[in-house]
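There are 2 protein chains.
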Amino acid sequence: MAVLGIDLGGTKMALATFTDDGEKISVNVKPLGNGQGKEVGMMVTTGIETFLSSSLQEGNMIDSIGISIPGIYRHKRGTVWAPNIPGWDDYPLLEEVKAVAGDIPVTIDSDRACYILGEYWKGNARGCQDAIFMAVGTGIGAGILVDGRVLRGSNDIAGATGWMALDRPFRKEYVSCGCYEHHASGEGIAKVAREYLAADKSYSGMLGNKPSEMVTSHDVFAAFKQGDTIAKKVIEEAIVFWGMAIANYVSLFNPQKIILGGGVFGPAVKLIPHITEEAKKWAQPISITQVSIEASGLGTDAGVYGAGYLALKSKPQ
Amino acid sequence: MAVLGIDLGGTKMALATFTDDGEKISVNVKPLGNGQGKEVGMMVTTGIETFLSSSLQEGNMIDSIGISIPGIYRHKRGTVWAPNIPGWDDYPLLEEVKAVAGDIPVTIDSDRACYILGEYWKGNARGCQDAIFMAVGTGIGAGILVDGRVLRGSNDIAGATGWMALDRPFRKEYVSCGCYEHHASGEGIAKVAREYLAADKSYSGMLGNKPSEMVTSHDVFAAFKQGDTIAKKVIEEAIVFWGMAIANYVSLFNPQKIILGGGVFGPAVKLIPHITEEAKKWAQPISITQVSIEASGLGTDAGVYGAGYLALKSKPQ
Chain B
218 MAVLGIDLGG TKMALATFTD DGEKISVNVK PLGNGQGKEV GMMVTTGIET FLSSSLQEGN
278 MIDSIGISIP GIYRHKRGTV WAPNIPGWDD YPLLEEVKAV AGDIPVTIDS DRACYILGEY
338 WKGNARGCQD AIFMAVGTGI GAGILVDGRV LRGSNDIAGA TGWMALDRPF RKEYVSCGCY
398 EHHASGEGIA KVAREYLAAD KSYSGMLGNK PSEMVTSHDV FAAFKQGDTI AKKVIEEAIV
458 FWGMAIANYV SLFNPQKIIL GGGVFGPAVK LIPHITEEAK KWAQPISITQ VSIEASGLGT
518 DAGVYGAGYL ALKSKPQ
Chain F
218 MAVLGIDLGG TKMALATFTD DGEKISVNVK PLGNGQGKEV GMMVTTGIET FLSSSLQEGN
278 MIDSIGISIP GIYRHKRGTV WAPNIPGWDD YPLLEEVKAV AGDIPVTIDS DRACYILGEY
338 WKGNARGCQD AIFMAVGTGI GAGILVDGRV LRGSNDIAGA TGWMALDRPF RKEYVSCGCY
398 EHHASGEGIA KVAREYLAAD KSYSGMLGNK PSEMVTSHDV FAAFKQGDTI AKKVIEEAIV
458 FWGMAIANYV SLFNPQKIIL GGGVFGPAVK LIPHITEEAK KWAQPISITQ VSIEASGLGT
518 DAGVYGAGYL ALKSKPQ
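Listed in order, the protein sequences are those of chains B and F. Each number in this note's numbering corresponds to the 1-based position in the first sequence with 217 added. Each number in this note's numbering corresponds to the 1-based position in the second sequence with 217 added.
Since the hints were derived computationally from the structure, they do not count as laboratory data. Please note that a few of the clues may not be correct.
If chains are identical, the list can't say which one is meant, so a pair holds when it fits in one copy or spans any two.
Okay, derived cross-link-like pairs now, BS3-like style, lysine-lysine, Cα gap no bigger than 30 angstroms in a straight line [stated by the list, open to error]:
no., residue 1, residue 2
1, 229, 418
2, 487, 497
3, 389, 449
4, 293, 408
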């Protein structure tokens, strides 16, 4: 008896089976290629069919299925909006998966919801009823646990923290992605670095080794490690924004834990003490003493663990 | 049969009885004078005893009691922290009220929780499972309803929205009250006006009619109405901060309604269309189309209605 968790990303899909205690039994990662629309849907359903039949042969009955999707899951409709999968504006994933899953219950939720559920189940938010996962990758999203339940909002789009307003005045660059995301996401760090590179004609550091439009957040972190002046300015600015965002979660939610994950944390994990110092300046002074700010305990596995937890919770009793 | 709601403020206490349908049967307002510590506790318990015995004489049995307090209610301990009542750092209000209430159930919660519960019961948040009351008075707090339940946080201090970080760089003025409260609370509006008055030696408008340390937010709103230049600058800045704060609630919580109340809304109610325009710039673009931003439907009665609703919910079935 096992549950199946699926972490559907923009470029690959991870399928893993877990015992009820959260022990990972098996894992299988499939690239999605450049799939679009129904192709990706087929890859998911075929992946599940294959997994179910091989599990059956191995004598591992699957009790329930949980799926983490890279975007918004519309609970009432059972459909998915995933900005990085072309054609998935309102994709009927639940219906398609149910067609191959038969009687096995299927639960779907957004990646940010799954990250915090994964950490709650088997990561650094164990035992916390009130906790937040801040995922900083290309964009920024937050999975928020309130009293043990995922904060969903009236239409499933709560946690859109990349849109947080953290600095005046409003700039046209915020229109497409939000203020916080512009300044402190992976893509944002690269954008801010490019702005500084364009403005500083005398700069001769390592970020000038490639055309500035090719500079990524990885390059900025590598240059920061070497003491590069522009990288230092960019990362120090990002630390302020991360600290302000975390302070706002602390003041609004009074959580026990804030977990930092996503591709940027990664290299930014080393900066957590500095980010925490920044958050302390801004946050409600009692609430900030009641929270622990930590790196993800599951790293890139947070999504698949969260999907496994979704499955476990929907398992027939 | 009726429930008793009590709104304990910093300077007065309102007691009201309601039918189960939320019809107000009677109301009674008592000044607290300059009471401190146990004196205020006595006024509350005496008020309840008097009310209970007169209700009994009138044949109106009280089934349950709800109390809104001006601060933080510590649920696990039954104690109150109220910054405007000297000696109420950890005041054992539940124990004292229970001693006079006998078998009648007593429920206590923070004023901000009661505001949103009042609006949910009988005001402008009726029918909303996800709604936020932003109370802008001397300070700023938020009562937040998530999935029909008040957001409490791990230690009852969620909703401390006055501490929201909304503008870089950090300033020493934020240390005592938080960035948002410094710029946009009633006291904040007065402080910002005083800063501008001190900086503008050539100013000859109506805000100069009294010593600048006496200028209040009421004066600023009155001057704004007359087209005063400094008042205009202060209020326009406050509109930006209110819009940014509301945008952040929208992006994080995806609520159906945001209700604006407290003493400042009040005169700022007329500004809601401008504040909404500002919020639209910053917020998650889909979520902002799903929210309605409105003035309180209950005004200064929001707290006592919320207390009544607390009572109703704890009534023996």
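Evaluated hints:
1. 229 / 418: Neither. Shortest intra-copy (40 angstroms) and inter-copy (64 angstroms) distances fail the 30 angstroms Cα cut-off.
2. 487 / 497: Answer is within; shortest intra-copy Cα gap is 17 angstroms, inter-copy 36 angstroms.
3. 389 / 449: both (25 angstroms within a copy, 25 angstroms between copies)
4. 293 / 408: Neither, since 37 angstroms and 47 angstroms both go past 30 angstroms.
In the structure shown, a violation is registered for the earlier hints numbered 1 and 4, in ascending order.
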